[in-house]
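Engineer: Could you build all of it, start to finish, from the sequences and the hints given here?
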Amino acid sequence: MTTTKDLLRPLQPLARSVIGATATATSRLRMRPDFLIVGGQRCGTTSLFKTLAQHPEVARPFAFKGVHYFDMHHDRSFGWYRGHFPIRITSQLKRLGRRGPITGESSPFYGFHPLAPQRIAAELPGVRLLMLLRDPVERAYSAHSHERARGFETETFERALELEEERTHGEREKMLADPTYVSFHLQHHAYLARGRYIEQIEALEAAVGPGRLHVVDSQEFFTRPEETFAGVLDFLGLPPHDGITFERHNARDRNPMKSDMQQRLLAKFDETDARLARWWGRPLSWRE
-6 MTTTKDLLRP
4 LQPLARSVIG
14 ATATATSRLR
24 MRPDFLIVGG
34 QRCGTTSLFK
44 TLAQHPEVAR
54 PFAFKGVHYF
64 DMHHDRSFGW
74 YRGHFPIRIT
84 SQLKRLGRRG
94 PITGESSPFY
104 GFHPLAPQRI
114 AAELPGVRLL
124 MLLRDPVERA
134 YSAHSHERAR
144 GFETETFERA
154 LELEEERTHG
164 EREKMLADPT
174 YVSFHLQHHA
184 YLARGRYIEQ
194 IEALEAAVGP
204 GRLHVVDSQE
214 FFTRPEETFA
224 GVLDFLGLPP
234 HDGITFERHN
244 ARDRNPMKSD
254 MQQRLLAKFD
264 ETDARLARWW
274 GRPLSWRE
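Numbered continuously in the numbering used here, the sequence shown closes out at residue 281.
Simulated from the structure, these hints should not be mistaken for lab results.
Check each hint, because a few of them may be wrong.
[Claimed, not checked] Restraint ranges, calculated between C-beta atoms of paired labels, are given here:
(1) Q111 with F177: 36 to 46 angstroms
(2) M254 with L22: 44 to 54 angstroms
(3) A260 with G230: 37 to 47 angstroms
[Unchecked claim] Straight line, CA to CA, 16 angstroms or less: simulated EDC-like cross-link-like pairs of lysine to aspartate or glutamate:
(4) K261 with E151
(5) K43 with E192
(6) K261 with E192
(7) K43 with E219
(8) K251 with E151
(9) K58 with D27
(10) K261 with E155
(11) K251 with E131
Note that the structure is a prediction, hence the values are computed from the model and not measured.
Note that beta-carbon positions come from the ideal geometry of N, C-alpha and C, so glycine has one too.
Structural biologist: Below, the structure written as structure tokens:
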């Protein structure tokens, strides 16, 4: 189903250009991000960001929840990036008597982009990273519906999976060799690869160091939101707040996947899921 957000998406480049041109001049007055939601795509990143934005000590970017500086717009200046965040003094005055607010953004391609972790580590030392994970097969199925609705995919789910290796072959290497190279297929057609979460986690931790990444189980966030969100607040150093409402955003209606396909595809993640469970020190909800 095509949403209003899908219809407005073609206007985003123009909006970003206008905002960037006007905000860059005041970038030194603006806040630097304290946290980034780096993935995974179709795992509840929008819902978590909008939940965090309700907290009185979180100041959100004034136009876009995701700036995509460290993946798609790294040809711009850091001043352009910082220009998307609130004016520091304005945000502090709104919170007289309390500590200053924190701010952040949600760009779920950061966790999968081969160059984003090193860029984040170099330009935002000390930033905290949040990553949401869900059943990788359901994530792939949801991502396919998402890309179809946005006009970036024309193949059926089964055919798209058959084509994934051919489409994405060598794309990461091209991006590493040429930082200006934009891989359409890696961004829009890496359905199974994006579900190999441990590979992304290891790359992020290697870049930013241990203790700077907090992983959230999406199923737990939607079924036990208060408890799960409390862990996020603790990681970010934020106090509890009673006025938080929990809603699900960006869900798309689609037909259920056939159970035999679900099991066949889940087997493709046996090795990476086992590594993820060892890293996380807990069972994976989609394996129970």
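Engineer: Check each numbered hint against the structure and report the violated ones by number, ascending.
Structural biologist: Numbers 1 and 5, in rising order.
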